[in-house]
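Going line by line, the protein sequences match chains A and V. Read left to right, the first sequence gives residues 1 to 196 (the working numbering). Read left to right, the second sequence gives residues 1 to 104 (the working numbering).
Just to be clear, a hint being listed does not mean it is correct.
Computed beta-carbon distance windows for the label pairs [said to hold, decoys possible]:
no.	chain 1	residue 1	chain 2	residue 2	range
1	V	Pro42	A	Asn126	14 to 24 angstroms
2	A	Leu24	V	Cys63	39 to 49 angstroms
3	A	Glu8	V	Asp11	15 to 25 angstroms
4	A	Asp12	V	Ile87	44 to 54 angstroms
5	A	Leu9	V	Ile20	28 to 38 angstroms
6	V	Pro42	A	Leu24	18 to 28 angstroms
7	A	Glu8	V	Pro42	48 to 58 angstroms
What the hints contain is simulated information worked out from the structure, not anything from laboratory work. A virtual CB, placed ideally from N, CA and C, is assigned to each residue, including glycine.
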Amino acid sequence: MDIPYTVELRRDTGLNNGKIGIWLFLASEVMLFGALFASYILIRTGSPVWPRGDTILDVPLATFNTVVLISSSVTMVMAWASLMRRRFGTFRIYMGTTILLGAVFLVVKYFEYGHHFHLGEFPSHNNFLALYFTLTGLHMLHVAGGMAVNAYFWGPGAKLWKTNPEWFINRVEHAGLFWHFVDLVWIFLFPTLYLL
Amino acid sequence: MTSDHADHAVDIDKHVRIYITVFAALLVLTIVTVAISRFHLPVHQAVTIALIVATIKGSLVACYFMHLISEKRLIYAVLALTVVFFIALLALPVITVHDGFWIH
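Please build the complete structure, drawing on both the sequences and the hints.
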């Protein structure tokens, strides 16, 4: 039996089910990160002193990572646009670049984490670092998850393009929505942790 | 092809130009964010400005990359509800810290 409304739009919502599903999932993700941001506000405002992020963290590296993640958002949306233009080869290039940029982001974070661990700065060190590692750690998990999904659509999942291209375009669009959300979270994490 | 895709396919070139423009705007705003932090403003001012710039950047990503600018009503409804709960979630600790009227 075929899965209903993967391509055709539901009459009641005007959307396919995948689109509704991914937005509901993203709504739950907003609440997950919202809870952590609320914790940040509570702990920071409750502390008599709070360090500026740039005295502990590496701002140039984080700025570089911000540019990397923004660039990956552009390549992701260009991958989708390539499918809309029926250019599968170009899709592969843009999607591959998106995955690579995600990997660059994680490698930079690996060096950042490594530097802190080398200095003996672990999450238990102070409240600032506890929040830093929790927020960025969860964000990194999301980057890794998004990369896995994107890699699937770049590789084995791309077989769907031959049999049902419209469904494949929808799936890439939904994966893109998740990827842009991950970028959006970083846009708020960067100033919150590194610059304030 | 669904009507949804057909609509997009017609003006996809226009969309691509918008994506590039938004990309440039995001890069400029990232530089602005870092540059402002160099002024070492008082915390309240720094937080306000940083959040305004981040909100502009986030809105650009949501509106154009996530196509929220031309989304269906149900998605807006889901997000409106999410925004209400998100604001409540952030407001709770702020009210607690500032001795809100029901917390003593």
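Now for the hints, and whether the structure bears them out:
1. V/Pro42 x A/Asn126: 14 to 24 angstroms: The hint (14 to 24 angstroms, Cβ to Cβ) holds, given that V/Pro42 and A/Asn126 are roughly 23 angstroms apart.
2. A/Leu24 x V/Cys63: 39 to 49 angstroms: 20 angstroms, violated
3. A/Glu8 x V/Asp11: 15 to 25 angstroms: Given about 22 angstroms between the Cβ atoms, the range holds.
4. A/Asp12 x V/Ile87: 44 to 54 angstroms: Violated: the Cβ-Cβ distance is about 29 angstroms, outside 44 to 54 angstroms.
5. A/Leu9 x V/Ile20: 28 to 38 angstroms: 29 angstroms, holds
6. V/Pro42 x A/Leu24: 18 to 28 angstroms: At 40 angstroms between Cβs, range violated.
7. A/Glu8 x V/Pro42: 48 to 58 angstroms: Holds - the Cβ-Cβ distance for A/Glu8 and V/Pro42, about 56 angstroms, lies within 48 to 58 angstroms.
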